[in-house]
Amino acid sequence: SQELEQSPQSLIVQEGKNLTINCTSSKTLYGLYWYKQKYGEGLIFLMMLQKGGEEKSHEKITAKLDEKKQQSSLHITASQPSHAGIYLCGAGQIEGADGLTFGKGTHLIIQP
Amino acid sequence: GAGVSQSPRYKVAKRGQDVALRCDPISGHVSLFWYQQALGQGPEFLTYFQNEAQLDKSGLPSDRFFAERPEGSVSTLKIQRTQQEDSAVYLCASSLSSGFYEQYFGPGTRLTVT
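These protein sequences, in sequence, are chains L and G. Taking our numbering, the leading residue of the first sequence gets 12, the next gets one more, and so forth. Taking our numbering, the leading residue of the second sequence gets 49, the next gets one more, and so forth.
Quick caveat, the hints were computed from the structure, so don't treat them as lab data. All values reported here derive from a predicted model rather than from experimental measurement. A hint or two may mislead.
Covered, in the sense of this in silico footprint (three residues per stretch, anywhere, with C-beta under 8 angstroms from a C-beta of chain G), are these stretches of chain L [said to hold, decoys possible]:
(1) 49–55
(2) 109–122
Derived list of chain G stretches under chain L, where covered just means 3 residues or more per stretch with a C-beta under 8 angstroms from a C-beta of chain L [said to hold, decoys possible]:
(3) 124–130
(4) 143–153
Even for Gly, the Cβ is constructed at its ideal location relative to N, Cα and C.
Using the sequences plus the hints, can you model the full thing?
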């Protein structure tokens, strides 16, 4: 079965600094999703990537899927307190399948 | 419009009791998913519906877990004879169609089995 490894597991960043979170798969990724979760709440959809080399941005968050479709990165520019939370990557288990496999998450803390 | 809603938000059950968790997906969404999230872990897939058809139930951990979506909208996840290891947050998600569409998640039901 596919496994997703996220790094780092936790990250403390000073407000205003940039940061990157990585998601690595043991197999080819068929659709990669990034979500954000605050403690005790559901997941908020951020972005979805499908094609190798694809890059998407929303406000100060940019996500990329590498050419070989086995790794994705999430980059936050000029971090703000509102960026704090748990970031999860999720992937389709096999091509065309719908249930997602998730990584364990990266816990992001923003220090003022 | 309204997002995915789940009820109850919190449920405490004594070991051995049966529980039923409800999910109201976004109106018009064809696909519905259930996930289980243990503390400090990412969500784990349980089961998937396309309309009223349960197309994948490979993630259900035992035959004590049962899900239904009889009219293709509201879904219920039922756990019989709850065990302590069933304690987790149960998340429901819906998407517009099958394939690679955004999955929108509800707030979850936190189940505690004592």
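Which hint numbers doesn't this structure obey?
3
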